[in-house]
Amino acid sequence: MDRLGSSERADRSWRTVVLDTRRHVKFVGNEVDAEGTVHNTHVDSASLSGGQAQKLVFFCLAAALRYRLAGVDADAPRYATVVLDEAFDRADPVFTRTAMDVFESFGFHMVLATPMKLIKTLSPYVDGTIVVHYTEDPVARSTFELIDTHAPA
956 MDRLGSSERA DRSWRTVVLD TRRHVKFVGN EVDAEGTVHN THVDSASLSG
1006 GQAQKLVFFC LAAALRYRLA GVDADAPRYA TVVLDEAFDR ADPVFTRTAM
1056 DVFESFGFHM VLATPMKLIK TLSPYVDGTI VVHYTEDPVA RSTFELIDTH
1106 APA
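The opening residue of the sequence shown carries number 956 in the numbering used here; numbering runs sequentially from there.
Simulated from the structure, these hints should not be mistaken for lab results. Each residue gets a CB set at the ideal place from its N, CA and C atoms; glycine is no exception. Worth double-checking, as some hints may not be accurate.
Each computed DSSO-like pair below joins lysine-lysine, with the alpha-carbon atoms no more than 27 Å apart [unchecked claim]:
1) K1010 / K1075
2) K1072 / K1010
3) K981 / K1010
Computed Cβ-Cβ distance ranges for the label pairs, DEER-style [what the hints assert, rightly or not]:
4) G1006 / S961: 23 to 31 Å
5) D957 / G1006: 14 to 22 Å
6) A965 / E1091: 44 to 52 Å
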């Protein structure tokens, strides 16, 4: 703990390496189809396009959560709710659907706080939606509205 708070040059350098997992964690990821054929192998995301790198990050996140929450032999996580705040705020619809497919394939129940612009994109993945209208006026009240995202537009 002393080294983390230290202003010494050697400690600052050490802290940068220790706290930035990109500098000391390596992985190998294989994309495998249902038959077990390896289609791609990734040792990092440097050679991937932005969309491919994002997909890999979400897949690794979902896989790590699934492993941590379910273990190796369990069919489903013991606790399967994942909460994402500002979920997919800057993502396009294709990436958003891909990420949600990944989380769904690992058996997670998603609770998302996301902007209105993504409601249509996310509607196939949710059973219910609450819209919060927020105001910073201390006298006015925020309002909540339940909407059915599966109803015809």
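Index of numbered hints that the structure contradicts, given in increasing order = Those not satisfied are hints 4, 5.
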